[in-house]
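Engineer: In case you want the letters, here they are:
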Amino acid sequence: MKALSVNRVLAIKVPRGSDLGKYITKLAIEQGIKTGIVTVIGSLVDPVIGYYDKEQDKYLEIELKGVYELVSGLGNISLKNGSPMLHLHVALGDRGGRLYGGHFIRGAVFVAEAFIMELKGEPISRKQVSNTLWLWDL
Amino acid sequence: MKALSVNRVLAIKVPRGSDLGKYITKLAIEQGIKTGIVTVIGSLVDPVIGYYDKEQDKYLEIELKGVYELVSGLGNISLKNGSPMLHLHVALGDRGGRLYGGHFIRGAVFVAEAFIMELKGEPISRKQVSNTLWLWDL
Amino acid sequence: MKALSVNRVLAIKVPRGSDLGKYITKLAIEQGIKTGIVTVIGSLVDPVIGYYDKEQDKYLEIELKGVYELVSGLGNISLKNGSPMLHLHVALGDRGGRLYGGHFIRGAVFVAEAFIMELKGEPISRKQVSNTLWLWDL
Numbered sequence: 002m003k004a005l006s007v008n009r010v011l012a013i014k015v016p017r018g019s020d021l022g023k024y025i026t027k028l029a030i031e032q033g034i035k036t037g038i039v040t041v042i043g044s045l046v047d048p049v050i051g052y053y054d055k056e057q058d059k060y061l062e063i064e065l066k067g068v069y070e071l072v073s074g075l076g077n078i079s080l081k082n083g084s085p086m087l088h089l090h091v092a093l094g095d096r097g098g099r100l101y102g103g104h105f106i107r108g109a110v111f112v113a114e115a116f117i118m119e120l121k122g123e124p125i126s127r128k129q130v131s132n133t134l135w136l137w138d139l
Numbered sequence: 002m003k004a005l006s007v008n009r010v011l012a013i014k015v016p017r018g019s020d021l022g023k024y025i026t027k028l029a030i031e032q033g034i035k036t037g038i039v040t041v042i043g044s045l046v047d048p049v050i051g052y053y054d055k056e057q058d059k060y061l062e063i064e065l066k067g068v069y070e071l072v073s074g075l076g077n078i079s080l081k082n083g084s085p086m087l088h089l090h091v092a093l094g095d096r097g098g099r100l101y102g103g104h105f106i107r108g109a110v111f112v113a114e115a116f117i118m119e120l121k122g123e124p125i126s127r128k129q130v131s132n133t134l135w136l137w138d139l
Numbered sequence: 002m003k004a005l006s007v008n009r010v011l012a013i014k015v016p017r018g019s020d021l022g023k024y025i026t027k028l029a030i031e032q033g034i035k036t037g038i039v040t041v042i043g044s045l046v047d048p049v050i051g052y053y054d055k056e057q058d059k060y061l062e063i064e065l066k067g068v069y070e071l072v073s074g075l076g077n078i079s080l081k082n083g084s085p086m087l088h089l090h091v092a093l094g095d096r097g098g099r100l101y102g103g104h105f106i107r108g109a110v111f112v113a114e115a116f117i118m119e120l121k122g123e124p125i126s127r128k129q130v131s132n133t134l135w136l137w138d139l
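Residue numbers (our numbering), protein chains in the order written: chain X, 2 to 139; chain H, 2 to 139; chain L, 2 to 139.
No lab work stands behind these hints: they were computed from the structure.
Heads up, some of the hints might be wrong.
Copies of the same chain look alike in the list, so a pair counts if it fits in one copy or across any two.
[Claimed, not checked] The list that follows gives simulated cross-link-like pairs (lysine-lysine, DSBU-like), each with its CA atoms no further than 30 Å apart:
no., residue 1, residue 2
1, LYS55, LYS121
2, LYS66, LYS121
3, LYS23, LYS81
4, LYS27, LYS3
5, LYS55, LYS14
6, LYS66, LYS128
7, LYS81, LYS27
8, LYS3, LYS55
9, LYS55, LYS81
10, LYS14, LYS27
11, LYS3, LYS121
12, LYS27, LYS121
13, LYS128, LYS55
With the hints as constraints, model all of the structure from the sequences given.
Structural biologist: Take a look at the structure:
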């Protein structure tokens, strides 16, 4: 466990067409955010989500086609090899209101209203525990 | 992008039978909250959710009947025409644990435990970009 | 309604194999957290979720088997009989990306990255309103 405190809260309108993850990561790097809590709602085009298969130690990719409501995006920023890394899980709704979700891999933004709550104190770093997994080193 | 900081955190028990969105919006107006992050869990009766259809530029309404667990309510408050507006996305669980979700349109509260994290700094305003969509003006 | 403010933010890596709810509750007790906002992502093994049936005044239990992505965990800590209690709702994704969710009852952690945002001010307490339900006393 690590006790931190809240610093800035960045409100971010991710531009249409940008990859949600790449954009937030780039902004975190530019702003020097080492540790933070991320929340986002909006809608995504052709999102790809992952399910971690522990036998194979890899993410199975689930490719969704079309526009999905981004019902919840919840995650964090911490350091991987000293650089800010976004870990985000998403719930996505289709036009019938059915939800799909998992580990966010990629997806183009149609609309995205995101917050990064920057945490100050000793940053959280990740360490590699398998080929695929980098977990918090707490 | 806009850098803000956290002010008050309002903990709200929405009364049974109230519309979730109307109640939170009214309280935000009364409390003078111009920008904030909203989270809520609980359960809703006969919730109606929307899927934004970009060809028609309107929300398709999905009407759910009965009581649903409000598994996640995530969103924000910002200004529309100078007045606080709630933008909320919800995930809703039926008695079999299946999830539905989208843009919150309306729904009566059975139980709702909500937080508004008020953000201080220059408020976020929305501007109209189509008949239906009002997006953050950042 | 109660106006609070943010104190510490605890970042928690829940150990593999621990019950998510028991671990967070124990930590809240140890840290003296009376009121807080909880968010968590990761993955859970054999999670059990509940749907509150108001006619029977009890949670119907939905037992999921295997490993599920913990797509969103959202909830709070408040006091029940003077002791910190976790109220958490979860959305869980299977290997096909389908989502299930409801009131978190139990589930072993495979990975869990959690935050407790401690709130200071007058704590929130719960009071019993039926055999099963303990609601915020605001």
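Engineer: Would you mind marking each hint as holding or not holding in the structure?
Structural biologist: Here is what the structure says about each hint:
no. : hint             : result
1   : LYS55 <-> LYS121 : neither (33 Å within a copy, 40 Å between copies)
2   : LYS66 <-> LYS121 : neither (38 Å within a copy, 38 Å between copies)
3   : LYS23 <-> LYS81  : both (15 Å within a copy, 29 Å between copies)
4   : LYS27 <-> LYS3   : both (25 Å within a copy, 15 Å between copies)
5   : LYS55 <-> LYS14  : between (35 Å within a copy, 18 Å between copies)
6   : LYS66 <-> LYS128 : between (33 Å within a copy, 29 Å between copies)
7   : LYS81 <-> LYS27  : both (14 Å within a copy, 29 Å between copies)
8   : LYS3 <-> LYS55   : within (27 Å within a copy, 39 Å between copies)
9   : LYS55 <-> LYS81  : within (21 Å within a copy, 37 Å between copies)
10  : LYS14 <-> LYS27  : both (13 Å within a copy, 25 Å between copies)
11  : LYS3 <-> LYS121  : both (11 Å within a copy, 18 Å between copies)
12  : LYS27 <-> LYS121 : both (19 Å within a copy, 24 Å between copies)
13  : LYS128 <-> LYS55 : within (17 Å within a copy, 42 Å between copies)
Taken one by one, the earlier hints fail for this structure at numbers 1 and 2, listed in ascending order.
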